[in-house]
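Peer 1: Sequence:
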Amino acid sequence: MTACNGGMKNRGDRREESRLAVDAPAVIFWEEGDGGYHLKGKAVNLSGSGLGVQARGRLKPETIVWCAVPSYGIYSRAQVMHARGLFTRTAGLRLLANPILPADD
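Numbered by the numbering used here, the letters in the sequence shown go through residues 152 to 256 in order.
Accuracy of the hints is not assured; some may be wrong.
[As the list claims (entries may be wrong)] Here are the in silico distance ranges between beta carbons for each label pair: (1) ASP185 <-> GLY224: 27 to 37 Å; (2) GLY184 <-> TYR223: 14 to 24 Å; (3) ALA172 <-> HIS233: 26 to 36 Å; (4) ASP185 <-> TYR223: 26 to 36 Å; (5) GLY208 <-> ASP174: 24 to 34 Å.
No wet-lab data here; the hints were simulated from the structure. Just so it is clear, CB atoms sit at the ideal spot from N, CA and C, and this is done for glycine as well.
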């Protein structure tokens, strides 16, 4: 996805891939010792190896989750890399399976 949002790369981000800004429903679900959890939110950006999501709930860094963004065909395991925000939290997820590959033109 090199042509999707190249200008974002100059912000001082650590990632090597550019991101595509999106606004799509997303669902994150995971299990912990005391049961299963899910959050409904929205995907706010996509890259070839991950996505950013906003949700009203707590995602802990390093947690392994399943994420679904149906409008982009994303159904994958992911790892929470970071989360910030007080009420609406923004989290960065690194895809662990089914990486997003650029479409052949």
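Peer 1: For each hint, tell me whether it holds in the structure or not.
Peer 2: Here is what the structure says about each hint:
One distance hint, 27 to 37 Å for the beta-carbon pair ASP185 and GLY224, holds here, with the actual separation near 32 Å. Distance hint check: the CB atoms of GLY184 and TYR223 are about 31 Å apart, inconsistent with the given range 14 to 24 Å. About 18 Å separates the C-beta atoms of ALA172 and HIS233, a value inconsistent with the hinted range of 26 to 36 Å. Between ASP185 and TYR223, the C-beta spacing of about 31 Å keeps the proposed range 26 to 36 Å intact.
A C-beta distance of roughly 19 Å is found between GLY208 and ASP174, which places it outside the suggested range of 24 to 34 Å.
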